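Following the hints, position chain B against chain A.
Chains as they are written, first to last, in the numbering used here: chain A, 1 to 252; chain B, 1001 to 1380.
Derived pair list, reagent style EDC-like, types lysine to aspartate or glutamate, alpha-carbon separation capped at 16 Å:
hint, chain 1, residue 1, chain 2, residue 2
1, A, K15, A, D64
2, A, K15, A, D219
3, A, K140, A, E104
4, A, K140, B, E1111
5, A, K52, A, D64
6, B, K1055, B, E1089
7, A, K140, B, E1112
8, A, K140, B, E1344
Just so you have them, the derived chain A footprint on chain B, three or more residues with Cβ under 8 Å:
hint, region
9, 1066 to 1072
10, 1094 to 1108
11, 1335 to 1349
Pair ranges (Cβ atoms, derived):
hint, chain 1, residue 1, chain 2, residue 2, range
12, B, G1078, A, Y18, 54 to 64 Å
13, A, G93, B, A1127, 32 to 42 Å
14, A, A232, B, E1111, 44 to 54 Å
In short, the hints are calculated from the structure, not lab data.
Keep in mind that this is a model prediction, so the values were computed, not measured.
Note that the Cβ used here is the ideal one computed from N, Cα and C, for glycine as well.
One letter stands for each residue in the lines below.
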Amino acid sequence: MSASAKSMVTARELKIGYGERVVLERVNFDVHRGEVFAILGSSGSGKSTLLKHLIGLYPPMSGDVLISGESLVQAEGDQRLRLLQRFGVLYQGAALFGSLSTVENVRLPLDEFTDLPPMAKDLIALSKLRLVGLEAAATKLPADLSGGMQKRAGIARAIVMDPCVLFLDEPSAGLDPITSAGLDALIRELAQGLGITFVMVTHELASIFSVADRVVVLDPRARGIVAEGTPADLRDHSPLPWVRQFLNRGTQ
Amino acid sequence: MPATPNNVSAQWELSDGPQGAVVVRLSGELDTVSTPQAWREMEAALKGRRVTALKIDARGLDSCDSAGLALLYHLSNGGLTSGVGGEVEGLHPQLQHLFRSFSMEDFRALEEHEPACSNVVEDIGVATEAWLIDLRQQVEFIGEVAFDIAASLLRPKRMRWREVLRLFEIAGVNALPIVSLLTFLVGMVIAFESAQPLAQLGAQVFVANLLGLVMCRELGPVMAAIMLAGRSGSAFAAELGTMKVNEELNALQTMGLSPVQFLVVQRVVAGILLTPVLTVYAMYAGLIGGIPVLLGLGFPLRMVLRQVQSGLHFGDLAEGLCKSIVFGAIVASVSCLRGLQTGEGPRAVGESTTRSVVSSILLIILADAVFAALTYTLRK
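Same shape as in the complex, but just chain A:
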């Protein structure tokens, strides 16, 4: 199997920005199957912008994004829809629909894209809620869930169509350390148990050291990736002093 065939998400010479302003350029990386890949950087380094381009919300200025070998940038119509169903996204604020109960939120993609009998949809939605430990909150409205529970419900909705890749935007933002550690454990469990590939954007160093197999570090001054490797490796051996310093704070 060649390297690109194993790669679930590939950024190839990606150049992104808003309007005329270039935020990141020459972005290249491969995320392998079953890996937890983290995109790390200080505030304003373009992490969230990069994620929005990876999931196809915005078209890049140039370059390409491949999801399991197929270009998301060039895909159109049914092909694009098929590619979109290969990954799930957890947004920073979980983005649950406030008017639907938790189980209805999770069931929504099944209702829209499958022809399954209602009972099957309920069974599947409930099984995803059980996977994230929310089976008891199925009938609650998102407003009645805590921040951590909303994130879990967001993950349940993101995995309901059995995607191969899950993108997480700041999964631990706004959560206390214990809830955040619980979420990290869930990510590990889903990565190992279901073989889902994770791409997460974060600046939470504790969660990077506990879940990430590999990280890339973005630098706003260099407008691109300045370091790539395992978290521990970068912390101890990165040639860039600020990267070592940045990662060292996480283990103190």
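Only chain B this time, still in chain A's reference frame:
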């Protein structure tokens, strides 16, 4: 018993064992695309069949996703064989984790969770309580707004006049085109509709008097106020509601600023100042709308103008303007109140916007009725 056509990638077959035992053998790809059909066909094939024992053989499955697992789970629970369940054999080890997350208990809990059916008496009680609380809040709010306006007028420097001017522009000046168009058309309609019955009495010339009175005393202020409620009151409610959802109102409060003082007073003052202006404008537009109709009926312009003038007194204009001031205060304050009462989430903003328009229009008509009764008694 082969059952599945070739174009679907999942295949299954039933084989009968001794004494009513059934073996279900599945193969191929059981995914969200192929499962619905397999589910329905299996349901049909097993319906009414006496099954004493069930075995599910999943060894032949090349791939299986959550939809397929749901079917396997349903089968293994006896969902298709009237309660006779059986083990799933040969499921790929990687799928075991996912398979274990299915739970009939959760499903039953969901089924049982029906929206609690409340009793009528309780509903009436709850609604009445909510209504009384709302009434109390409105009274309190009126008091607070009146107090803050008085305080601002005593110390005009504390008032944010720039904001008042901005509101004057967006809620007043920008509303002129639509207000003039609507009242122009309404004036026209009234002239047309009243010309015929008055002609039967030989009093067609009095259409001009009628139009002047109706526009000044009734429709000018009411139309202007309804336009204000629909166009600007809803915007006030949505703006304040979004600020509440974004915790901006909390930020004001912790800074020691009252949202009423900081946001509502300006809007109410702007509403009170701009509604009479809009009303005068609406009155004119309505009259101008009636004139072409009267000219068409053959009356000369001078005569029409004289009729309007002779039919109108200062009291009529004063009544219209007094009303408009009250209407302006009602629309601005009620819309702000609804905005401040917004709950949580995007849906709440929509609800408070609707509530602001409904309450504003209701209160406008109520106040109008009070005015009508009052002026009738005064004129007697």
